[in-house]
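Protein chains in written order, with the numbering used here: chain A, 651 to 954; chain B, 651 to 954; chain C, 651 to 954; chain D, 651 to 954.
Hints listed in this document are in silico derivations from the structure and should not be mistaken for laboratory results. Please read all numbers here as calculations on a predicted model, not as lab measurements. Check before you lean on any hint, since a few could be wrong.
As the list claims (entries may be wrong) - Now the stretches of chain A that chain D is said to cover, found in silico as 3 or more residues with beta-carbon under 8 Å: (1) 724-731; (2) 926-934.
As the list claims (entries may be wrong) - Pair ranges (Cβ atoms, derived): (3) B/E763 with D/E701: 38 to 46 Å; (4) C/E799 with A/D738: 31 to 39 Å; (5) C/T791 with D/F884: 23 to 31 Å; (6) A/N954 with D/T696: 57 to 65 Å; (7) C/T791 with B/F884: 48 to 56 Å; (8) C/G815 with D/G815: 43 to 51 Å; (9) D/R695 with B/G950: 43 to 51 Å; (10) C/T791 with D/S889: 51 to 59 Å.
Note that CB positions come from ideal geometry on N, CA and C, so glycine has one too.
There are 4 protein chains.
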Amino acid sequence: MTQPATASTKISTTTPTAAFIGLGAMGTPMAAQLAGQMPTLVWNRTPGKAEAHAAEYGSAASEMEALAQADFIFTCLPTSAEVDIYIDQLLPTLRPGTVWIDCTSGRPAAAREQAARLAAAGVAFLDAPVSGGPAGARAGTLAVMVGGEAATFERALPLLNTFGGTVLLVGPVGSGFAVKAVNNVLMGLHLLSVAEGLASLKKQGVDLAPALTVLNAGSGSSFSSQNKVSQQVFTRQFSPMFKLGLLAKDAGIALENIQEVQASAPLIAATAMLLRAAQATVGSDVDHTEAVKLVELLNGVELN
Amino acid sequence: MTQPATASTKISTTTPTAAFIGLGAMGTPMAAQLAGQMPTLVWNRTPGKAEAHAAEYGSAASEMEALAQADFIFTCLPTSAEVDIYIDQLLPTLRPGTVWIDCTSGRPAAAREQAARLAAAGVAFLDAPVSGGPAGARAGTLAVMVGGEAATFERALPLLNTFGGTVLLVGPVGSGFAVKAVNNVLMGLHLLSVAEGLASLKKQGVDLAPALTVLNAGSGSSFSSQNKVSQQVFTRQFSPMFKLGLLAKDAGIALENIQEVQASAPLIAATAMLLRAAQATVGSDVDHTEAVKLVELLNGVELN
Amino acid sequence: MTQPATASTKISTTTPTAAFIGLGAMGTPMAAQLAGQMPTLVWNRTPGKAEAHAAEYGSAASEMEALAQADFIFTCLPTSAEVDIYIDQLLPTLRPGTVWIDCTSGRPAAAREQAARLAAAGVAFLDAPVSGGPAGARAGTLAVMVGGEAATFERALPLLNTFGGTVLLVGPVGSGFAVKAVNNVLMGLHLLSVAEGLASLKKQGVDLAPALTVLNAGSGSSFSSQNKVSQQVFTRQFSPMFKLGLLAKDAGIALENIQEVQASAPLIAATAMLLRAAQATVGSDVDHTEAVKLVELLNGVELN
Amino acid sequence: MTQPATASTKISTTTPTAAFIGLGAMGTPMAAQLAGQMPTLVWNRTPGKAEAHAAEYGSAASEMEALAQADFIFTCLPTSAEVDIYIDQLLPTLRPGTVWIDCTSGRPAAAREQAARLAAAGVAFLDAPVSGGPAGARAGTLAVMVGGEAATFERALPLLNTFGGTVLLVGPVGSGFAVKAVNNVLMGLHLLSVAEGLASLKKQGVDLAPALTVLNAGSGSSFSSQNKVSQQVFTRQFSPMFKLGLLAKDAGIALENIQEVQASAPLIAATAMLLRAAQATVGSDVDHTEAVKLVELLNGVELN
């Protein structure tokens, strides 16, 4: 009986192996961090991207089927729908004892279904979305919010720590996605609300540059006001990092979760609606910070 | 050297004198900082408070009338209405060249009227509200947002720097109040919105303590989420520092200003309405962080 | 005349037969109207209710299995989930050519799934929710908003006209539910907003009774302001007709639909959130008009 | 001393005389109704308008100064600011016993000041704004919401009844304006919210014309949905009757009043903000129904 033994070696002290699906803006530096610590197979839909990653970061470009042999399989994709596609493909060959870690900003309901499907094959699941951007991944300081079982979390922690600085188990499967959705909708809310404040101040004749500086030194500051406004809004240099359409999607997930548990969150709901309006008026593929252009449109001013 | 000459020395290099009206939670440490640098007269409506301040910080308790002789007169009061009272009392004896600096979280429209009244007596006016709390005043790190003329601001800057760390001129008279109102409504908005997020997460079965930690390490963080929630909300130790009724008033000022210039700020307007609801259901005299109890009430959960 | 022939007669000119599942506040008078025009089988989960209906209105109490023989099967249930249960039970014995008409305030996504399942058995589906209350059903004046194919709608129209006064096809399957969700969230929005207006007027010292009368004579009037406020709110006689929990559910369906098509509807989203808050603070099983008590709570006044 | 006697005859049974300032869309038919019942002096800022009114309706074009001799002086102007101008002009020559009736959609705070100024001259004041449009004025069916003292109201009632169908005293001075502001913001809210519902339905593939018809037959109907959408929105014939800028102003008055009494009205506040956004994106001088274009813009659809 060699199979059970093989499975049991997965929790042994030998170096685990990782597989990483999705080499986007976030996945690329995250997979690079993993590759710096252990054998790491990488795969991307776009041909050539995995080979380039291997050449630059020492990972190994792999066929889809071979990924199933890794101890830890990471996905980092646009939505939960894409994750389903790869689970479909790999499920027949996944080995018991494997851990699937989804770093997508996904839906808690999808996570619960995915975890159940994988559990039937003896595969554990963690939802482990991240916050902090490519720079945070490169610095190994990402915030990682993890949903799943404590024992699985403990096994995965050394790998998550390669790119994460604050890595915490926040509850059962789906909880990581739930927290990530709240994180992102709050980020969007802070961005829109400081834009509202600045737009009204401009109409009152206030100088925006010093106003923002004192707001950021005061109790009204937020990550959004500190890291986005002077850098992107005032300069009109909206570098496309995280798409507005994806932020609107994340706000939608937060609102979907709120509805599922019959919670009441009027400010978050308003934000979700405004982000859809921003998407309709400004575009889906622009950087999320361009959402402020909705506020500018509604007020007839430009924030600079 | 006759009296008119004395007035002219006010812009000389001799040490200026300060007067401070309003020894509340903020005024007390601010006046203490001034008293450490220059002769400082203090006054408070409550008998004995000025004497105690003098004994502890080296200021000088003064009669109301004598305050008019100071070069710089500070007010730090609950609302612009109280400032009007003291302008009424002192205006007849104020000397030309004096600077009146109002650190109240006041109304821009009131500032413009007050500035005009004082200007008729040759007295300059600055609205210079502060953010950062008593600890910031003691550390000399307050954010001070100043409205007024550049020359007056330059004269007042050394005094403002005794308690301020980020002291900036943000526009003409009233601009300081305008920015302060935005700062405070954003602070309230961030507090209510993180409470909304956490309430919905609790109903989803998420552990709030690690969830807040990762939110604070992520892009959804704000001054409010970092400094208020674990310290006061999770512990249920709502120490009364800044009253909820005053925060609701400040949000109201922000909304009044928004209306005056026909701006559109749906998230700020929603916050102003929710803070009034919090005041009605939780109380006016409690600490402003108790506003989260409205969110708890609307969701049937307690955030801890 | 064998069974297949019987099935073909279903589109003949002989009197069709109806079955009705769900004898609640609405179902009871709707089934009574049908029974006045054609043979009508009735069924309800609660024992004895069907028999009482038969005795009073001339319908026929039936076993669940026998319902499958009717030409038109109506469901009028709390949510789409209950409809699924009865489709599960009857699907094996349903005959091709049957029309299933769901008058529940259901979910469009559920309707599309239900229609597909039934179509596989040759059964057509209409979502046909109603508005107008038990009195409207008794008077035959209900508004009926129908989703489905035009040919099916034409066949069902004579039956729908027994209880409906305005019966219209509004689009493909699911469209009826979509319109009903909008109808109900607007009704809730109008109720909450007139309550907001009246609460603020009371705090301004205005007499509410004449104020409501002129509002209802003016352009600010709505079905809610005309039919609910003086009758129930002012009298504090909140007779339990349509439960607040169900209205909150319907608002949730409207918001779910809005999210699905990435629409932006800030006022509707705010209403959905406020109705959940009303449910949390006032209760689920009270009449929906008690939602005004949330507005009263947030303003510290009673509307009378 | 005949003057006092003259004043006393003003409450006698002789036919009173009226003066009317402001012959706009509403003022024109209202003054015409008065002129049908009693001697009526008319005045308008635009030269020739009063003469035309006199020629068509039997009123008498008058110089400004002569208006002061009327028993009842009506104003029907864009805002309270214009009313102040005419009070300034006429106050020196107004006779005690005169009643000033302001039918403007004004501010309660302005009404209280105006009433106090006039009271010092022995002149009574009523705020008596109207709802129902020019057609309602011509039909004598306007809703008139009156603030002031009961005795003054009784004296004015026969005159108000010439154009009003529902004429009610709703409270002390200012109450009429308070109710009118609520009426108008509700009308705007109903218009925006049915547009939100329809925009989301269109994106769901629903046919809007029958959908609106059933909504109007259902519990989600409102004056706005019944009288504005099929007539103006669906036809894209936005005839300029009541300007969007004035509706936004009225919503602002409602919100100002709400803030003054520290009420919480999130839906009304959201409406005020959206109307300002509509004004910024669509224009001030267009008909108020064009506010739906904001909803169209935010959803990327046209409502027809």
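Here's how the hints hold up against the structure:
{"no.": "1", "hint": "724-731", "result": "violated (count 0)"}
{"no.": "2", "hint": "926-934", "result": "holds (count 4)"}
{"no.": "3", "hint": "B/E763 with D/E701: 38 to 46 Å", "result": "holds (43 Å)"}
{"no.": "4", "hint": "C/E799 with A/D738: 31 to 39 Å", "result": "holds (33 Å)"}
{"no.": "5", "hint": "C/T791 with D/F884: 23 to 31 Å", "result": "holds (24 Å)"}
{"no.": "6", "hint": "A/N954 with D/T696: 57 to 65 Å", "result": "violated (42 Å)"}
{"no.": "7", "hint": "C/T791 with B/F884: 48 to 56 Å", "result": "holds (55 Å)"}
{"no.": "8", "hint": "C/G815 with D/G815: 43 to 51 Å", "result": "violated (27 Å)"}
{"no.": "9", "hint": "D/R695 with B/G950: 43 to 51 Å", "result": "violated (58 Å)"}
{"no.": "10", "hint": "C/T791 with D/S889: 51 to 59 Å", "result": "violated (32 Å)"}
Checked against the numbered hints given earlier, the structure breaks hints 1, 6, 8, 9 and 10 and satisfies all the rest.
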